[in-house]
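Trainee: Protein chains in written order, with my numbering: chain A, 31 to 114; chain B, 31 to 114.
Hints are computed from structural coordinates only; laboratory data are not their basis.
Identical chains share a label here; the pair holds if one copy fits it or two copies do between them.
Cross-link-like lysine to any residue pairs, in silico, SDA-like; alpha carbons within 20 Å at most: (1) Lys72 - Asp47; (2) Lys42 - Lys72; (3) Lys77 - Trp41; (4) Lys87 - Glu109; (5) Lys72 - Ala51; (6) Lys77 - Glu43.
Each chain, written out:
2 protein chains.
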Amino acid sequence: MVYDVKVYVTWKEGVLDPQGAAVTSSLNKLGFDGVEDVRISKMITLKVEATENVEEKVTAMCEKLLANPVIEDYTFEIEEAVRT
Amino acid sequence: MVYDVKVYVTWKEGVLDPQGAAVTSSLNKLGFDGVEDVRISKMITLKVEATENVEEKVTAMCEKLLANPVIEDYTFEIEEAVRT
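Full structure from sequences and hints, please.
Mentor: This is the structure in structure tokens:
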């Protein structure tokens, strides 16, 4: 069975996101007032073929490679891939 | 009114994503078989204060700064921020 997986890797609260701060400042300079708290996170999409335990497999991938659990949180969504 | 906005900036189909290719290869080397088509996209979260036309404002931000419309697609979700 093939699954479409989306992993969202976000900064933990309190971790500085310099890229987000730069984007906040740029948006304000471009004339977009009232924009705050820009945070740039990663969305990782992938296809995973698995017969069972796909959640465990994705969790292991997040812990080992996709996220840095010291400073990042992750969540994911798994759904069966549509056959084409 | 303050809105919580999530912008998803993804590569257009056909655009090479070298970072995704590297992650695919690393996952395979780590022993995760059956992983394919890894694509690394951006999820940008921000707070926007607006009295009206918040969709238009966010679209303009995407076109002007957040996405590169030549090689990237964007979608966004807007919801009213929960007051705390």
